[in-house]
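Peer 1: Chains as they are written, first to last, in my numbering: chain V, -16 to 282; chain G, 62 to 485.
For the record, the hints were derived by calculation from the structure and aren't laboratory data.
No experiment lies behind these values; they were computed from the predicted model shown.
Some hints could be false.
[What the hints assert, rightly or not] Taking CB as the label site, the calculated pair distances span:
| id | chain 1 | residue 1 | chain 2 | residue 2 | range |
| --- | --- | --- | --- | --- | --- |
| 1 | V | W157 | G | S128 | 49 to 59 Å |
| 2 | V | N228 | G | T278 | 30 to 40 Å |
| 3 | G | N451 | V | L113 | 53 to 63 Å |
[Said to hold, decoys possible] Computed from the model, here is a short list of chain G residues facing chain V with C-beta under 8 Å:
| id | residue |
| --- | --- |
| 4 | L284 |
| 5 | T347 |
| 6 | E361 |
No residue lacks a Cβ here, since even glycine has one placed at the ideal position from N, Cα and C.
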Amino acid sequence: MTTTTTEAGRAPSATEGPLLELRGVNKSFGAVQVLHDVSLTARLGHVTALVGDNGAGKSTLIKGIAGIHAFDGGEYLFEGHPVHVASPRQANALGIEVVYQDLALCDNLDIVENLYLGREALTAGLLDELTMEERAAETLAGLSVRTVKSVRQKVASLSGGQRQTVAIARAVLWNSKLVILDEPTAALGVAQTEQVLQLVRRLAESGLAVILISHNMTEVLRVADEIAVLYLGRMTAQVKAKDVNHNQVVTLITGGSLVEEGGHVEVTGPTDDIDTGPQADGRPAAAPPAAATEPEEQP
Amino acid sequence: MSQSLSEKELENTLDAPESPGGALAEAVRAYFGRVRGGDVGPLPAILGLVVLLAVFSGLQGNTFTNSFNFANLLIQSAPVIVIAMGIVFVLLIGEIDLSAGWTAGVAGATLGVVCTNHGWPWYLGVVACLATGAAVGLINGLLVAWVGIPSFVVTLAAYLALQGLLLKIIGEGGTIRIQSQTILDVMAKNLPVWLGWVLFVVVVGLYALVTFRQMATRRARGLVTQAPVVWLVKLVCLTLLLGICTYYLSGERSRNPALTSIKGIPIVIPVVLVLLVGFTMLLTRTLFGRHVYAVGGNAEAARRAGINVPRIRLLCFVICSMIAAGAGVLLASRVNSVTPTTGGGETLLYAVGAAVIGGTSLFGGKGRPVDAIIGGLVIAVVANGMGLLNKSAAVVYMVTGVVLLIAAGVDALSRRRAAASGRA
């Protein structure tokens, strides 16, 4: 059932269940309900793309997963067990790391110092620079990063793609199991986007679960194994990437639903939003909150 | 002794395959690459210092370069240099402490009150003095880090309040004499000549040993390290610089040697060196130091990495004020007394100027304790040299202002350069 072969490193758990499973989570900010009964799964060795228009609730969803603000209701299962994640530290302890769009790097520190920021290795109370440098070089080599000249370079001197790479390397340095990437290619040029996409693929192949947020459908279809679509706070579908094409994903993002042409499209998520007909009137009846842009109707 | 040891070790490593000349050229190229990229460090200040020394030596040959004036210049600059080391800590997190000068004054007055008026021994007096500094830093730091008042305003308020407090302690027009001989000796006495040379050998030997071991460990663990020839060149430069200074200070500099003999390294110099090494270790080798740079570089990133940013801010203010209090001891020792103007006047502005001239950024995240020494020497040379040329205080202030402006300009331009080359 997988589209990739998991080769080295951490193999997917023997149970074959998803690493992360959200069932019917809700989140409101005051009177505004941003997430309605959202379900999402992420599997080890898989890239799960999370797509949706602006205001669909992508950021709220990942902030909930990362513990920045806890979900109001619903089930949060990690490695098959229900967990309560109410702070970023709890999420980190489970092995969940988020790379935010602004990367959160210190320009005045070098690569090693950034990778270990907040979790420095110590010997006899002093910084253990040698161990940190060795492990940083190993981690970058493990991610097949060869564009960086020296791990002692200041981050200020790196290109956008290299900075993204450092931020991702920091996320995988800690035996993390789930890495969430928030639009990692948004600000990058063609060549650097390519580098980062290959890196995303390698993360999954090394056995991690990856959730990738992106606005670029070509990119999503290239690297993702599964695509989860949020529309106005509801999960309209989580489908296998190989079962859908560009137009179908755009249709889902903009509120339409899939015509079951080949009959092989597996659709998960709230069923009332799907299978209601071939056209775009499957939009939720309740006035949806936080709609930043009016979605275009697909003819 | 330790020198010959390291030379023997050196021969083993010089057999490395790459030619020493090539490695040296490589290191020089890399350095100029960094400078072009905007990472100038203390280079402008060092060049400035060399130019100033040359100009004043040319204009005022004997009086400027004689060893009496040389020692005098070093002693004069010490309190400003020490305060500037403290200022570096707050500048590193992108803040400012305008009250450090008066903190030194109030702490010096505390020393005077407990030692002279209450007869405490000098070491307890120093403890009380440092505690005063810690209290001032705690108040400043809490207001900045937890209440969120801009440091400029908090420390400006402290500047005024401490000035008043000092006046209150000493009384209008009053003075407190410092009678402890130990305290007075710090700024007035010199090491015996032999001890000066021992100190020289120990410093150079330790430097050689520590840096050599660093290099050897890195090489053994397969990490990139500097070429041995680069290490050797650095060591030779340091040895020459310190050797010349020690030799110069070991000569007789009394105008009337028959009456009193003045020679040897002033005691305050090893004191400043110990502070330099201590604070450099604190900033480069400890968790706290790493987090200071992180907070100065990107406070939000530091917060997300789990660093307690308010705590780091608070500690930097406490450290700054405690160092200023230490400088208060030097100020009191220098003039044998504490007056309502101790630590006032241009003390604070010179200290901030020294840190910035030395290459510490006003924008946070960049700076080292050694910057304070280099910048402090630049300011002292300007003041001292102009004074010997019989220029009025008016001219000295104006020139110092221009020097500071140039330094801040270099900082701003190099940042722009770094931004341009970094994100290209």
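Peer 1: Next, verify each hint and record whether it holds.
Peer 2: To see whether the hints hold, each was checked on the structure:
no.: 1; hint: V:W157 with G:S128: 49 to 59 Å; verdict: 58 Å, holds
no.: 2; hint: V:N228 with G:T278: 30 to 40 Å; verdict: 57 Å, violated
no.: 3; hint: G:N451 with V:L113: 53 to 63 Å; verdict: 56 Å, holds
no.: 4; hint: L284; verdict: 6 Å, holds
no.: 5; hint: T347; verdict: 6 Å, holds
no.: 6; hint: E361; verdict: 6 Å, holds
Figure legend: structure checked against the earlier numbered hints; the only hint not met is number 2.
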